[in-house]
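Now that you have both chains on their own, put them together as the hints suggest.
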Amino acid sequence: MLTSTSIRPFPTRATPRSSRFIQRVIKPWLLLLPLLFFNVVVILAPSLGTIYYAFTDWSGLGDAQWTGLANFQRLLGDTIFWRAFGNNLIWCILFLTVPIGMALLGASLLANIRRGQTFFRVLYFAPYVIASVVVTALWRNIFNPSMGIGVQLAKLGLLWADIKFLGDSNIVLYSVAFIDNWHWWGFLLVIYFAAMQSVDYSLYEHARLEGANRWQEFIHITLPGIRPTLVFTLLITVIFSFLAFEYVWLLTQGGPANASEMLSTMAYKSAFRRFEAGYAAAIGLTTSVICLVFGTLFVALRRRGWEI
Amino acid sequence: MTHTHLPVLFKLSRRTPSLLPNYVILTLLALFVAGPLIVLLFNSLKTTSEIGVNPLGPPIYIQFQNFPDAWNKGNYAVTIRNSVIVVAGTVTGVCLIAGLAAYALARLNAPGFGLFSLYLLVGTTLPITLFLVPLFFLWTRLGLTDNLFGLMVIYWATFSPFATFLLRSYMVAIPADFEDAARVDGANDWQVIRHVIIPIVWPGFLTVALVAGLGAWNEYILAYTFIQNDELKTVVTSFSAFTGRFTRDWGLTSAGAIIMTLPVIAFFLLLQRRFIEGLTQGGLKG
Chain H
1 MLTSTSIRPF
11 PTRATPRSSR
21 FIQRVIKPWL
31 LLLPLLFFNV
41 VVILAPSLGT
51 IYYAFTDWSG
61 LGDAQWTGLA
71 NFQRLLGDTI
81 FWRAFGNNLI
91 WCILFLTVPI
101 GMALLGASLL
111 ANIRRGQTFF
121 RVLYFAPYVI
131 ASVVVTALWR
141 NIFNPSMGIG
151 VQLAKLGLLW
161 ADIKFLGDSN
171 IVLYSVAFID
181 NWHWWGFLLV
191 IYFAAMQSVD
201 YSLYEHARLE
211 GANRWQEFIH
221 ITLPGIRPTL
231 VFTLLITVIF
241 SFLAFEYVWL
251 LTQGGPANAS
261 EMLSTMAYKS
271 AFRRFEAGYA
281 AAIGLTTSVI
291 CLVFGTLFVA
301 LRRRGWEI
Chain A
309 MTHTHLPVLF
319 KLSRRTPSLL
329 PNYVILTLLA
339 LFVAGPLIVL
349 LFNSLKTTSE
359 IGVNPLGPPI
369 YIQFQNFPDA
379 WNKGNYAVTI
389 RNSVIVVAGT
399 VTGVCLIAGL
409 AAYALARLNA
419 PGFGLFSLYL
429 LVGTTLPITL
439 FLVPLFFLWT
449 RLGLTDNLFG
459 LMVIYWATFS
469 PFATFLLRSY
479 MVAIPADFED
489 AARVDGANDW
499 QVIRHVIIPI
509 VWPGFLTVAL
519 VAGLGAWNEY
529 ILAYTFIQND
539 ELKTVVTSFS
549 AFTGRFTRDW
559 GLTSAGAIIM
569 TLPVIAFFLL
579 LQRRFIEGLT
589 QGGLKG
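These protein sequence lines are chains H and A, in that order.
Oh and the first sequence: position 93 is 93 in the working numbering, straight run, nothing missing.
For the working numbering, add 308 to where a residue sits in the second sequence, where the first one is 1.
In isolation and in its complexed conformation, chain A is listed as follows (with noise of 0.2 Å):
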């Protein structure tokens, strides 16, 4: 910049405002999402007794005990077994199905493709108030109630367009020439695949594979119409049960809600810029 500038930018830099009201109401805005989060922290380390004294602030005496007995009251070793196979089921399966999909849809232009996209993304906005009621008597008559394989199948099918669209849009990135040279050293479709499609796109698998992980780990409307025996309960139905049986005992329901958070929370700040493009991109459109 020339000279006659700097006076203004002198005078720019002056009146630059302060960021101390920024910090403030930043501050402010985060005590209001992290107070309810304390707060269910300290009422898991305290006793029953304590908590009938004392059921907003900090523990005078803290103990561990609730941890332990809320994994045996409620029921935690069999449900988080059944989260878990949920969750791999689900990741697994929308992983193939949008893996397969979203390659067609960006390598190979059939026809009617364009249509189907169309398809896609108006079955995308469907309202799960639409399909639940006939999905439910359906799936009983196909005796995929109170069965994780038929949970599965529905979170297979409510997750893979968005997981589609996210793929085919990695998927179209790749230059072809990339696969045109894997295919004149004479590499087969699955070779081709192997070594050459998934090394590139695999981070959009793993932005998925969170994104429905954790969806399917959380959800609780379809968990909760479609399997009513507790032995098959998801840790979300479960711990909801859970908490209508010991409502005066905060304590444990507290150590509960952790036991289920913590490994979601471990995830998220682990992965926590994953997390946010694949949940911004995909939570708007599901």
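Same shape as in the complex, but just chain H (with noise of 0.2 Å):
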């Protein structure tokens, strides 16, 4: 890659002039080249292809028709289109939630311990860099309605505990979120730990000869010290939640009976099992601008000095 007549500079034998301008421009761009290039063929052009085939009826194959805002209108009336949206929307408030709590909580009690300090952050780590397959793989086994632990713990006397927890259509999506969050929250964890490392500690010395409790310590110098870390992870739990779509399509493909459908299996079924490319186009287009309106509320109102 890195040929040497690429960057060498060439001291004699162009003019002066053009010579600073192949050394000024065309060199450090030549560097950059392949990372543009490859950016380009698969970023960029396929992501303004999106925009173009949301409006057409493109089937993958061949030619497409441009069909104005057909696909649009359908999606308006598509019932698992809403379906979808609602549990992104669900998944969205139980990532706001859940994981940020348990990362907040375990980062806060990790950060006043020194013994095991690195035992727990590195166990806590661990998950996150468990491939998706195996991470789902194992839960299926434990969820499984026949041997596990639902049906063990029955047996146990705990009738109530006999739950078909990826098969209910009632609470398979809290199912399918709990085993994505088992692997996302030591990852939020680790980040909030790192964050609360350079919070002021005298201002905890501070509040505890004003004699403030754990909880005030926590509320009004933990959080408000690593404020800028947590309004990021805020922002991109709020976008992860609407881009959502591993984790569902190993355990359930948006089933049983759409019970766990997302916009993203919903545009992945659509474009590689039934052929709608541009419908399929038109989901994406839709998320995605979904996504760019929460970023962009976010960050209007911080810049209206809203404290979030």
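Keep in mind the hints are simulated off the structure, nothing from the lab.
You may find that some hints are simply not true.
Covered by chain H, per the in silico footprint, the following chain A stretches (three or more residues, Cβ under 8 Å) [said to hold, decoys possible]: (1) 407-416; (2) 432-444; (3) 467-474; (4) 579-589.
Here's a subset of chain H near chain A, in silico, CB distances under 10 Å, partners left out [as the list claims (entries may be wrong)]: (5) Pro28; (6) Val122; (7) Gly186; (8) Asp200; (9) Ala277.
Beyond 10 Å from chain A on every Cβ pair, some chain H residues (computed) [stated by the list, open to error]: (10) Phe55; (11) Leu69; (12) Leu76; (13) Gly86; (14) Ala161; (15) Ser169; (16) Met196.
Glycine is no exception: its CB is placed at the ideal position from the N, C-alpha and C atoms.
As structure tokens, then:
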């Protein structure tokens, strides 16, 4: 890749002016060229393609007919779309509360101890490096309706525990979110923990002198101290919530009966199962616009001085 | 401190809260994480008939037959080779592409670079949903589906922006004098990179290699979409199909899960500090 011709200076052969142009403009851009090339081919051009195909009846093969807003009209009348959108909203609320709460709790407790600190931190982080296919396979066994934890607890007399975690349409979404959270919250914990290390320790000493309890310390010192990190994780949580795909796909593919359907699983099925690539593009574009709106809203509110 | 402060300090230390509740809650959280992993390990050591009566508890008869069985039935010799090829190609490509770009962005300020950085930042936030469908049909037309190289190229594109930002932050920290001194001594660009830049930023490259390597090893959506041929599947997509074929053989699939996770855990424990640094910086961006 790094051929000598592309970056060697040309000290004498070229005229001084063009040589300087090569040095100052051509050479730097040549170094960026591979990055730019692969980014345009893989990400930018197909993304622009999605914007175009969203307004067509493209099947994925052959030509696409311009159909205007037809895909979006169909989307607005599609009950599965509203189901999926609602599920993404529930997902968002779940992930804004459960993993962030667990991570804040764990990180603030961890910040106070010395012995075992590294052990706990590494253990909590470990599920994040395990492949999603392994995490889902292992939880599918634990949640198995005929041999899993529900049946085992029922055998011990806890009859209420005999739940079809991934088969009952009322709770499947929460089960999938639970499993996704198992591998995610430790990642947040490590981020919060790192942020807490940089909070001025003398603030805690002052608070203790004034008789603050642990809860007050957490609310008045820790949380404000890690606010930039916290806000950033809230933002990515919202955005990731509307893109969630992998765990849902691996565990239920949106089932049973669309009970755990997400915008992403709906788009994936449209494109690769039903060969309605134009419709899938419309869903993908809608999802991206939703993320963009939330992202912009977030940034705009912060600019206006909102304490978020 | 003066004597007048002593009573206060004494009071403070007496009032320092006990750490017992910390350890109790932290241990409960640790069990929540470790429990399922321990069940996985237990099941990999049981026979299928034992799992039928004892699906979650510790094994009564420990046996290791599941591991060679899973290796053969799961076609691991082939899929691990495929994954190693993809990981090696991804790591090499990302280090090269991002290394070149990071050097340019850190050292050579050409017109248009500010705009390019902005594009890169926006580009890393574009969701996969936005480009997956047209990309798939483009790749089909180019003959890059069912092709390990085709998958690698996608990983180059998706992992390089984060790697560029990370390496750039390392390179910006190198004093320009180092380079100038080498050039005064007559070093050419290649020699400067080889003897000045790389020795200083190699920890950055190691971090990038670990994150990109882990990403390529574990990645599911793209590998699942772009590779259908069983002989070209990576260990992740092959394992996913394997669990579908042997839904009842928990011992077999648990052993298979451990085979593909063990290298990751080993690397992670060995280099946990670097892993965590790289993933918490890069994972948040993409």
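Quick rundown of the hints versus the structure:
| no. | hint | result |
| --- | --- | --- |
| 1 | 407-416 | holds (count 6) |
| 2 | 432-444 | holds (count 12) |
| 3 | 467-474 | holds (count 3) |
| 4 | 579-589 | holds (count 5) |
| 5 | Pro28 | holds, 4 Å |
| 6 | Val122 | holds, 5 Å |
| 7 | Gly186 | holds, 7 Å |
| 8 | Asp200 | violated, 17 Å |
| 9 | Ala277 | holds, 5 Å |
| 10 | Phe55 | holds, 13 Å |
| 11 | Leu69 | holds, 19 Å |
| 12 | Leu76 | holds, 19 Å |
| 13 | Gly86 | holds, 18 Å |
| 14 | Ala161 | holds, 13 Å |
| 15 | Ser169 | holds, 21 Å |
| 16 | Met196 | holds, 13 Å |
In this structure, the one hint that does not hold is number 8.
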